[in-house]
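Protein chains: 2
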Amino acid sequence: MSGGRQPRYALFLWTCCLAAAEGGKLLVVPHDGSHWLSMHGVLQEMHQRGHEIVVVAPAVTLHIKEGAFYNLTRYPVPFQQKDLESHFRRMNHEVFEKLPFWKNFFKTRERLKTAAALLLSVCSHLVHNQELMTELGDEHFDAVFTDPFLPCGPIVAKYLSLPAVYFLHGLPCGLDFAATQGPCPPSYVPRGFSLNTDRMTFLQRVKNMLITLVQVFLCDFVYSPYVRLASDILKTEVTLMELLSYGSIWLLRSDFVKEYPRPIMPNMIFIGGINCAYTKPLSQEFEGYVNASGEHGIVVFSLGSMVSEIPMAKAMEIADALGTIPQTVLWRYTGKPPSNLAKNTKLVKWLPQNDLLGHPKTRAFITHAGSHGIYEGLCNGVPMVLMPLFGDQMDNAKRMESRGAGVTLNVLEMTSADLSKALKTVINDKSYKENIMRLSALHKDRPISPLDLAVFWVEFVMRNKGAPHLRPAAHDLNWFQYHSLDVIAFLLAIVLTVVFIAVKSYMFCCQKCFGKKGKAKKAPKSKSH
Amino acid sequence: MSGGRQPRYALFLWTCCLAAAEGGKLLVVPHDGSHWLSMHGVLQEMHQRGHEIVVVAPAVTLHIKEGAFYNLTRYPVPFQQKDLESHFRRMNHEVFEKLPFWKNFFKTRERLKTAAALLLSVCSHLVHNQELMTELGDEHFDAVFTDPFLPCGPIVAKYLSLPAVYFLHGLPCGLDFAATQGPCPPSYVPRGFSLNTDRMTFLQRVKNMLITLVQVFLCDFVYSPYVRLASDILKTEVTLMELLSYGSIWLLRSDFVKEYPRPIMPNMIFIGGINCAYTKPLSQEFEGYVNASGEHGIVVFSLGSMVSEIPMAKAMEIADALGTIPQTVLWRYTGKPPSNLAKNTKLVKWLPQNDLLGHPKTRAFITHAGSHGIYEGLCNGVPMVLMPLFGDQMDNAKRMESRGAGVTLNVLEMTSADLSKALKTVINDKSYKENIMRLSALHKDRPISPLDLAVFWVEFVMRNKGAPHLRPAAHDLNWFQYHSLDVIAFLLAIVLTVVFIAVKSYMFCCQKCFGKKGKAKKAPKSKSH
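From first to last, the protein sequence lines stand for chains B and G.
As numbered in the working numbering, residues 406 to 934 make up the first sequence, in order.
As numbered in the working numbering, residues 406 to 934 make up the second sequence, in order.
Take the hints with a grain of salt, since some may be wrong.
A pair holds if it fits inside one copy or across any two, identical chains being indistinguishable in the list.
Straight line, CA to CA, 30 Å or less: simulated BS3-like cross-link-like pairs of lysine-lysine [said to hold, decoys possible]:
1) 870 with 835
2) 748 with 829
3) 909 with 612
4) 870 with 803
5) 870 with 838
6) 487 with 719
7) 503 with 754
Since the hints were made in silico from the structure, they are not lab data.
My request is simple: use the sequences and hints to build the entire structure.
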């Protein structure tokens, strides 16, 4: 927005930021999986700006690997690469099992419990690794950059007394609202897993309220072990809120083109779409596929970095549907190829998703509705067929569907015909393309790119040793003080006392006045008897 | 923050913004006084970016004048320049009258009523000027840019069906929170005129709650006439909330270095400090004063654009105090010079406040704590002696004082010695300079300058015809729906019904079981008799 002239004010700022950008030291405590992949861009930019970056990760990981722009410090964990991979393969297959609601609920809970236990042990092996922790302390970092989805990073930051920057899409069970002191009225802010939009019927509001009432207990089994771990390591009793609210700045991979507008807090910085920041030209292989697709163009199909194969019966159903459209489908799939695969469908072990979505010949995107995929579809303006599998994916899908930018399918219930119909709808019904293009334009119409914004705030925390001026005083109140219950009780007590005294006085006066008269009347009466 | 490399994402954005910056048309409905002066910078920048700007203003104004970068359209009002000036002169003198609390309260109310009636008549003469309104309608503006402090601009915007961008410091009586649907817990968000900070004692929280309960009625006399005017002009019943919530984007001249952190809404954009954006070199006259001040430097003294003279007794008291410090004092004062004026004090009819505050020889700033002055002191890192007079100035002063960046004086109660002591304190006690420099650095440490940010969002609303994706669904709920009272009542009714049925069933069972036994026992008894 600078035009030709640079206001003096901006020059002030610039001097300050450039000065601080020299030689900072950042400690990164990442999460494996797509969470790590989207952090990548920020670290690369930080490195280019002259900061030294140290990433601590367990010895066994899925996606965290050596990188040119950071030093990777590994610590031992009590499992092997094959254990981790088989764990996730098993999880992937279980996701596709069709079970009755309650059975599914408990099975999901069990699955999450197993995963949580595994990840907790990873964290425990980091914070109990005395040698490594001492080494990290000696490095004198400026800040910790972490995803607090599981609060291992916050424990490390608190232990090392370093300010922390959080990088996340959101926390489950409303923990992000609670930890930032962000009000979250259940009347128009849809709760996770509710499938509500921001405009709800009465019964949807009832559902939203019921989820609000129980959500605090739903995540307890995942988070309470971290509280115990933190209390143990920090040698003082801490609460989950103390742990999560430790972050100075919350970089939220979120944007109000996807999310519904709601109250936010000053230390929340919205950087949704940061993962679309960089695109590269397509490789020869993919350029070849796209060019060969002719006038019909291509459809990109991926179920995310965690799910690369699915049960054969489902794969065959999907393959059948993909054969019914004239577009070339590029499907990221590592399993055994379905026997009914049509000629238009190319299976690839990996695909440059964002680059392909950015190609003008891309007509649709079949996605599991993970937050990264949603924002890549949004940035590039590609209508979506949404097949959510777990976590926040159902809600992500609902948001895109409610805005007319995609069609949601239940991957367990859908038939081949449903998928075929959905694909033809988003490709041929012009309203889907128009809606996603409108959303895409709004999403990209920002005063500063999300990557630059994220880098600015990481450096802000590094140079200012946190951001205490953005921390609301609400953190120092307990729940009844926060809701002014003590004040209300006090004022009510005064009102009631005044009313009580007034009534008593009135009655006393009445008694005095009328009582005397009564007596006066009675007296003569008795006398007259 | 861009470094050497420009991410592709930012290029996307840039193309979009530059394209839209061509030839937009902006209608400006300003407020006279300092509110207008701070809008100036945005209009200048908008003009430089190729937009056509039309400012509508009454024929009689204090500060709104012809400008090179906008077309000024005047409309007739039923008073003369001398009436307006004498009105404000009278107001200025009344501010310095020392009265008992209640007398002062009612006198202030009366004064505000007179001012409000005058300004309402200005608005009425605009919106009832059928010829002008038709002309404005025919111009096909892209948006209205207005200060909604008195909601004349919103009426014009609604009448012309144009999106509106608001530019303001805040609204009184919590109307800004109410109109944006921003939650505002009285437990830690201090209310206007409370003089509380964000950390309150129990009794301060009681005071805050009491103000919360009554504030809605306090402003009614100012705003309800606008609601009647709007309903009349728009030919439909509107509420104050509908009128104020019409703004797509709220550009708030506010910043969390001055304000306490609190919940905000996605369409609030914080551009505090925008008025410090441009500085010019000092004129020869002022350069001369500064150079002649020697090692002691200067003190800048201004009570704002509205108060340029004060009663003689008070002026003499102040002049006396100013003579006790070694600094040269530049005092903006248009009244008769006090006879005891010391040699170090120079009276000037006008002073380039921001440029003087930016001079390294400036040691202190005596200010009435208007929002503009506060931010200019903050940007330039100058400790302040705060002499609040009316409106939000007491609260502004409290915020600076609570952060150790200034000393507040009650201008009516203070003696010459108090002012002298306060000046010596902020100049000689290093903590004041250190605190204001720390705040100043934080205030200027932003990813984008407030002026660029403001211009971006005005253009955003122009090119996107508003910002409906940032409007919370809460606007469509009534108050009991918003607070989920209907849902709570429904759930309570279910719980009570279930409890009632359970208790009844239990009692019925008991009666059946024990009742029979009882009867069974009784029966033989009766038989035995």
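Here is how each hint holds up against the structure:
no., hint, result
1, 870 with 835, "between (50 Å within a copy, 22 Å between copies)"
2, 748 with 829, "within (18 Å within a copy, 86 Å between copies)"
3, 909 with 612, "between (47 Å within a copy, 28 Å between copies)"
4, 870 with 803, "between (39 Å within a copy, 26 Å between copies)"
5, 870 with 838, "between (45 Å within a copy, 20 Å between copies)"
6, 487 with 719, "within (25 Å within a copy, 84 Å between copies)"
7, 503 with 754, "within (26 Å within a copy, 82 Å between copies)"
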